[in-house]
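Visitor: Put together the whole structure using the sequences plus the hints.
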Amino acid sequence: MRVSELAAKESPVTSPSDAAPQYVITAENLTKRYGDVTAVDGISFRVPAGEAFGLLGPNGAGKSTTMKMIGGVSQRTSGSLSIMGLDPEQHGPEVRAHLGVVPQQDNLDEELKVRDNLLVYGRYFGLPMSYLKPKADELLEFAQLTDKAKSKVDALSGGMKRRLTIARSLINEPRILLLDEPTTGLDPQARHILWDRLFRLKEQGVTLILTTHYMDEAEQLCDRLIVVDKGKIMAEGSPASLIREYSTREVLELRFGSERNASVGAELEGIGERLETLPDRVLIYAHDGEAALEQVTARGLRPVTSLVRRSSLEDVFLRLTGRSLVD
Amino acid sequence: MSVLTGNFNAGDHSVTEAARNRRFGPIYSRNVRAVVARGLMATKSSNWMVMVSGFFEPVLYLISMGVGLGAIVGSVQGPGGQEISYPAYIAPALLAVSAMNGAVYDSTWNVFFKMNFAKLYQGMLYTSLGPLDVAMGEIFLALLRGAMYATGFTAVMGVMGLITTPWAILMIPASVLIAFGFASFGMGITSFMKTFQQMDWINFVMLPMFLFSATFYPLSVYPQSIQWLIQAMPLWHGVELLRQISVGVFTPATAVHIGYYLVMIALGVLLTTSRLRKLFLK
Numbered sequence: 046m047r048v049s050e051l052a053a054k055e056s057p058v059t060s061p062s063d064a065a066p067q068y069v070i071t072a073e074n075l076t077k078r079y080g081d082v083t084a085v086d087g088i089s090f091r092v093p094a095g096e097a098f099g100l101l102g103p104n105g106a107g108k109s110t111t112m113k114m115i116g117g118v119s120q121r122t123s124g125s126l127s128i129m130g131l132d133p134e135q136h137g138p139e140v141r142a143h144l145g146v147v148p149q150q151d152n153l154d155e156e157l158k159v160r161d162n163l164l165v166y167g168r169y170f171g172l173p174m175s176y177l178k179p180k181a182d183e184l185l186e187f188a189q190l191t192d193k194a195k196s197k198v199d200a201l202s203g204g205m206k207r208r209l210t211i212a213r214s215l216i217n218e219p220r221i222l223l224l225d226e227p228t229t230g231l232d233p234q235a236r237h238i239l240w241d242r243l244f245r246l247k248e249q250g251v252t253l254i255l256t257t258h259y260m261d262e263a264e265q266l267c268d269r270l271i272v273v274d275k276g277k278i279m280a281e282g283s284p285a286s287l288i289r290e291y292s293t294r295e296v297l298e299l300r301f302g303s304e305r306n307a308s309v310g311a312e313l314e315g316i317g318e319r320l321e322t323l324p325d326r327v328l329i330y331a332h333d334g335e336a337a338l339e340q341v342t343a344r345g346l347r348p349v350t351s352l353v354r355r356s357s358l359e360d361v362f363l364r365l366t367g368r369s370l371v372d
Numbered sequence: 293m294s295v296l297t298g299n300f301n302a303g304d305h306s307v308t309e310a311a312r313n314r315r316f317g318p319i320y321s322r323n324v325r326a327v328v329a330r331g332l333m334a335t336k337s338s339n340w341m342v343m344v345s346g347f348f349e350p351v352l353y354l355i356s357m358g359v360g361l362g363a364i365v366g367s368v369q370g371p372g373g374q375e376i377s378y379p380a381y382i383a384p385a386l387l388a389v390s391a392m393n394g395a396v397y398d399s400t401w402n403v404f405f406k407m408n409f410a411k412l413y414q415g416m417l418y419t420s421l422g423p424l425d426v427a428m429g430e431i432f433l434a435l436l437r438g439a440m441y442a443t444g445f446t447a448v449m450g451v452m453g454l455i456t457t458p459w460a461i462l463m464i465p466a467s468v469l470i471a472f473g474f475a476s477f478g479m480g481i482t483s484f485m486k487t488f489q490q491m492d493w494i495n496f497v498m499l500p501m502f503l504f505s506a507t508f509y510p511l512s513v514y515p516q517s518i519q520w521l522i523q524a525m526p527l528w529h530g531v532e533l534l535r536q537i538s539v540g541v542f543t544p545a546t547a548v549h550i551g552y553y554l555v556m557i558a559l560g561v562l563l564t565t566s567r568l569r570k571l572f573l574k
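Line order of the protein sequences matches chains Z and B. The opening position of the first sequence corresponds to residue 46 in our numbering, with each subsequent residue numbered one higher. The opening position of the second sequence corresponds to residue 293 in our numbering, with each subsequent residue numbered one higher.
Among the hints, erroneous ones may be present.
Sample of chain B residues facing chain Z (criterion: CB under 10 Å; computed from the structure) [said to hold, decoys possible]:
(1) SER321
(2) ALA410
(3) LYS411
(4) SER420
(5) ILE550
What the hints contain is simulated information worked out from the structure, not anything from laboratory work. C-beta atoms are modelled at their ideal positions from N, C-alpha and C, and glycine is treated no differently.
Guide: Now the structure itself:
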């Protein structure tokens with residue numbers, strides 16, 4: 046906790062157990078325009094200390110732009126933003142001293158070795174070597190990269206690079222960790238290791254701000270999330286409450302063959318709470334999927350395949366942001 | 293200080309510190325040395341060969357042109373009107389060229405790569421570093437390299453018997469001044485470049501400047517209008533400055549040459565910082 050001591054000189058930290066909710070991030074009417082394009086369109090949210098907060102949305106929804114504004118590397122067009130009580134535009138270096146950033150694409154220093162990446166990055170925060178050396182070793186251990194300490198960065202696999210990027214983001218013991226699609230492009234093993242590491246950080250009280258395309262990831266990691274589309278907040282809440290609010294408990298997936306799917310819609314009217322016809326299948330949103338399936342067969346319909354599953358965040362996401370491709 | 297109760301206050305500063313930070317607060321964190329340390333570490337592990345080769349370039353020119361051409365040319369008129377050998381005439385000019393080349397290489401190609409491919413600056417600017425720290429650090433590295441080349445080249449001049457006055461030692465700091473001018477400007481200009489083709493324009497400017505800035509023969513061979521054009525270019529001022537120092541002849545023009553570089557440095561740093569701010573804090 047030596048960094049905390051260093052930081053304490055300039056920032057008296059109130060302990061997380063204090064009664065009043067402490068918001069480490071407060072955004073009000075945050076707006077960002079690039080010329081005619083409005084990337085972020087007046088979003089407001091607050092993140093209490095220690096929360097894992099998710100930003101979900103399709104490509105171009107404004108997630109990364111929001112992250113950049115939080116880090117003070119993008120100037121907002123209007124609205125207000127406060128990170129631990131400071132405006133990141135006015136106090137960029139100070140705000141970032143308490144931030145860890147895992148960008149969408151790894152930007153490790155390829156000219157330096159693995160351990161040196163951590164040391165040099167720590168120097169950028171002005172941290173002393175006496176702190177950095179043991180900290181770097183501890184983080185290599187955390188990222189399961191101890192035996193790669195002296196390797197070159199380009200010799201690492203994708204998962205290792207990602208873990209090193211996360212280890213690097215922790216060198217200053219940040220109170221807020223910004224993760225922009227942390228597991229995109231990783232294999233399932235690597236993803237699960239990362240989730241485990243992120244979960245441990247959350248247990249230590251680090252506030253996590255996460256963007257992701259993976260709904261299972263959001264369900265796993267996020268206490269609360271906002272769904273963003275075209276720069277606006279479409280919904281806000283915990284994964285469970287969003288599923289309750291925007292979907293049903295279960296989903297019945299029926300396939301009648303691509304010719305029949307569209308025409309069978311009328312015959313399914315009235316079953317479940319909501320019906321969605323896709324080119325390849327029909328989705329029936331119902332509290333009880335099995336009961337819905339019985340009703341379907343009772344009407345004399347014989348789907349080629351049927352599947353009853355729990356409703357997921359993905360259903361919420363697709364309902365809120367639509368199914369058409371966004372580029 | 294935050295007025296919202298219940299928020300963390302990351303920056304409860306004293307009033308004096310706040311005042312000091314006001315002007316450069318968002319772009320500068322007084323941590324240039326971290327950028328320099330990174331550069332040295334990277335040099336140690338990867339690109340020291342490039343550095344060594346940069347040292348030999350002017351030495352090879354000096355040997356081929358100075359010794360080879362010098363045998364035909366004989367002696368020429370130096371800055372104070374005295375007769376000096378042809379190698380002694382072109383050596384300070386080559387030193388100015390090498391200061392320029394080293395600084396420009398570091399601040400253009402190197403920076404271009406780090407900016408657009410290695411994404412190094414994006415990473416740096418997500419830390420406590422501000423754009424001014426990064427710019428000053430990179431420029432300092434270019435100067436360090438320039439100083440090393442200058443020292444080495446001056447030593448070669450000494451060995452070849454081309455140094456006749458103790459003033460010549462001042463060629464080293466003067467080379468750093470020249471390198472500073474080119475590095476600060478080069479980095480600013482590079483920030484406008486988007487493709488490798490555009491980067492070639494830099495060579496397109498550098499090569500004629502190298503050949504025609506009174507490097508190998510006096511300016512007087514040109515018609516008046518061309519002379520003015522060359523005198524407007526930075527390299528000519530560097531060549532003249534070092535040539536004067538090499539023989540220890542100082543005139544009011546010396547001050548003009550130095551002043552030219554001081555202005556160039558100021559404008560270059562201003563340009564670079566504002567560009568970095570635009571590029572990375574947009």
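Visitor: Which of the listed hints are broken here?
Guide: 5
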